[in-house]
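Going by UniProt numbering, the first residue of the sequence shown is number 1, and it counts up by one from there.
Honestly, the hints are just simulated from the structure, not real lab data.
Warning: the hint list may mix true and false statements.
[To be verified] As a list, the in silico EDC-like pairs of lysine to aspartate or glutamate whose alpha-carbon atoms are at most 20 Å apart:
1. Lys344 to Glu322
2. Lys160 to Glu185
3. Lys275 to Glu185
4. Lys358 to Asp261
[To be verified] Across the chosen pairs, the derived CB separations fall in these ranges:
5. Asn97 to Ala226: 30 to 36 Å
6. Gln177 to Ala277: 32 to 38 Å
7. Thr191 to Lys358: 44 to 50 Å
8. Arg33 to Lys275: 54 to 60 Å
9. Glu350 to Gly139: 31 to 37 Å
10. Gln346 to Gln177: 50 to 56 Å
11. Asp46 to Glu350: 47 to 53 Å
12. Ile330 to Glu185: 44 to 50 Å
13. Pro197 to Ala40: 38 to 44 Å
Nothing here was measured: the structure is a model prediction, and the numbers come from that model.
Every residue gets a Cβ at the ideal spot worked out from N, C-alpha and C, and that includes glycine.
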Amino acid sequence: MIRSITRLLNRQRLIRRIRGAGKDLEATGFRVRNLGAFLADLARSDIEHVVLHWPDSLDLQATPSVGDDAEEVLLLLDICARGPQGFARVAARHMANDGVPCRFYCSIGSRGFAFMRYPYYPPLMARRLLATRVRDPRGFYRLVGLAHIQSLVYHLLYAKAAGLCRTDEASERESLQPLLQRLQEEAEKATVSLPQPLTLGALHGWLVQHNSDMPYDLKVRWPLNAGWLGGLIEAEQQGLLAPVPGYHYFCVLALRADVLDAGLQAAALQRIGEKFAVREVIEVEPDMARNVAAQLRGGNWMEGRYGEELLPRIFLLCDDLEPVAPAERITDYPHLDNLNMLWKHQLRGELSEQAGKKMHGVHCSDNHAEALYMLRVLQRFGLTA
1 MIRSITRLLN RQRLIRRIRG AGKDLEATGF RVRNLGAFLA DLARSDIEHV VLHWPDSLDL
61 QATPSVGDDA EEVLLLLDIC ARGPQGFARV AARHMANDGV PCRFYCSIGS RGFAFMRYPY
121 YPPLMARRLL ATRVRDPRGF YRLVGLAHIQ SLVYHLLYAK AAGLCRTDEA SERESLQPLL
181 QRLQEEAEKA TVSLPQPLTL GALHGWLVQH NSDMPYDLKV RWPLNAGWLG GLIEAEQQGL
241 LAPVPGYHYF CVLALRADVL DAGLQAAALQ RIGEKFAVRE VIEVEPDMAR NVAAQLRGGN
301 WMEGRYGEEL LPRIFLLCDD LEPVAPAERI TDYPHLDNLN MLWKHQLRGE LSEQAGKKMH
361 GVHCSDNHAE ALYMLRVLQR FGLTA
C-alpha cells in the first residue's frame, strides 16, 4: 500500500516536473534507484531508448547517495507510443532521492524533454540514431561504432563546449583535455578515425562530413550559443550573406507531404506563384526527403502524439521582388528579415479550409542566411545545382 502511494506521488511529481521543464535550461531529469532495472522496465514498456554517452562505464547496480558526484546518464527516448503519462508511469516505479542521476531527451522534442523548447537532436536525426541502436549484453540499448562516436562529439560540441570562451587552440585543448582524451580512446575502441589534432573546429567539420552536425537554423536558436559556438555561428553567417546571383530577395518555401496527400499541391503552387517569382521547383522522394529534413530544424517534420513523419516533399526556390523589412524585432520571429515570409500563415489557412482540417504543411526560410543554408543542404544531396 505504501509503495503504491509512493509511486502515485512520484508520478504526479514527475508530471509537474515535465510540464515545467521547458522553462528551464535542461530537460527532465531525476535519480533512479537501480539503473539496470529502470532501463529494463523501459524496454518492457515499449518505450524506445538509447543510452547516449559512455555506456561502457555504466554501473547498472550502483546506488550513489545524495551529494555523490555521480556521472549523469543521458538517454534519448521515443515516447510517442506511450506519451509523457506512460513514461511517467514507468519512471515513478524507479525514482529515488538517491541513486543514479539521469537526463532525458525525446526524439520529437516534446515539452519537458527538450532543451529550452528546442529538441536536443533534430527529430529525424534522433529517429535515425534510435534506428541504429543495439542491445548491450547487460540488457540496455546503446549506440555502437560511428553512431556512438557521433553522439559523443555532438554532445561535446553543442552542450559541454558550447559556452566556452573563445581562446586559442592550445588553451581550448587544455580546458577540454580530459574529455578529448576520453573521446579519442572511445574512437579507437570503435575503430573510428577522428581528425588530428582534436579541436572543436575540426570535430565540427567531421560531423558536417557525416551529415550529423547541428543544423545552422537550430544553432542560431540554441540557448548555449555564446562563446565557442557563438564564434562558429558568426563564421557560418558570414558565409551565408553572399547574394544569390539573379535574385532580388532569395527565399525558399517547402511543402510537406500532407499537402500532397490532400491533393492540394497544384493549389499551393499556384498561390505561391502569385505571391513570389518561382525560379525552381524541386521534388524530393521520401528517402531523400528524410535525409534533407534531418539537416533542417524547422518544419515540424514530425507531428502529433505519435510523431507522424510529414516530410518536405517539394522545395521552391523563389524571388521576392518587393520584400518588406520589419520595423522592429518580432518576438515570435526574432530572426525574420522580411515580413512577406509570414504570408505562409495565410496560405496555411487557405489550404486548411480546402482540406477541411487544420494543416501546417507550408514552411519557409526566415531570412536570407537560412534560405542560403537550405539551398546548400539541397546542393549537398545533389538535388539542385
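Results for each hint:
With a C-alpha separation of about 16 Å, the suggested pair Lys344 and Glu322 falls inside the 20 Å cut-off, and the hint holds. Only pairs whose Cα atoms come within 20 Å are accepted, and Lys160 paired with Glu185 is accepted, the gap being roughly 18 Å. With a C-alpha separation of about 55 Å, the suggested pair Lys275 and Glu185 falls outside the 20 Å cut-off, and the hint is violated. As the CA atoms of Lys358 and Asp261 are separated by approximately 14 Å, the hinted pair is consistent with the 20 Å bound.
Against the hinted window of 30 to 36 Å, the Cβ-Cβ separation of Asn97 and Ala226 comes to about 34 Å, which satisfies the hint. A hinted range of 32 to 38 Å for the beta carbons of Gln177 and Ala277 is inconsistent with their spacing of about 53 Å. Range check, Thr191 to Lys358: Cβ separation about 49 Å, and the 44 to 50 Å hint holds. Distance hint check: the CB atoms of Arg33 and Lys275 are about 58 Å apart, consistent with the given range 54 to 60 Å.
The supplied range of 31 to 37 Å is broken by Glu350 and Gly139, whose beta-carbon atoms lie about 52 Å from each other. Restraint check, Gln346 to Gln177: a C-beta distance of roughly 54 Å satisfies the suggested window 50 to 56 Å. Checked against the hint of 47 to 53 Å, the C-beta distance between Asp46 and Glu350 comes to roughly 39 Å, which is inconsistent with it. Between Ile330 and Glu185 the beta carbon distance is about 47 Å. The supplied range of 44 to 50 Å therefore holds.
With their beta carbons about 41 Å apart, Pro197 and Ala40 fall inside the hinted range of 38 to 44 Å.
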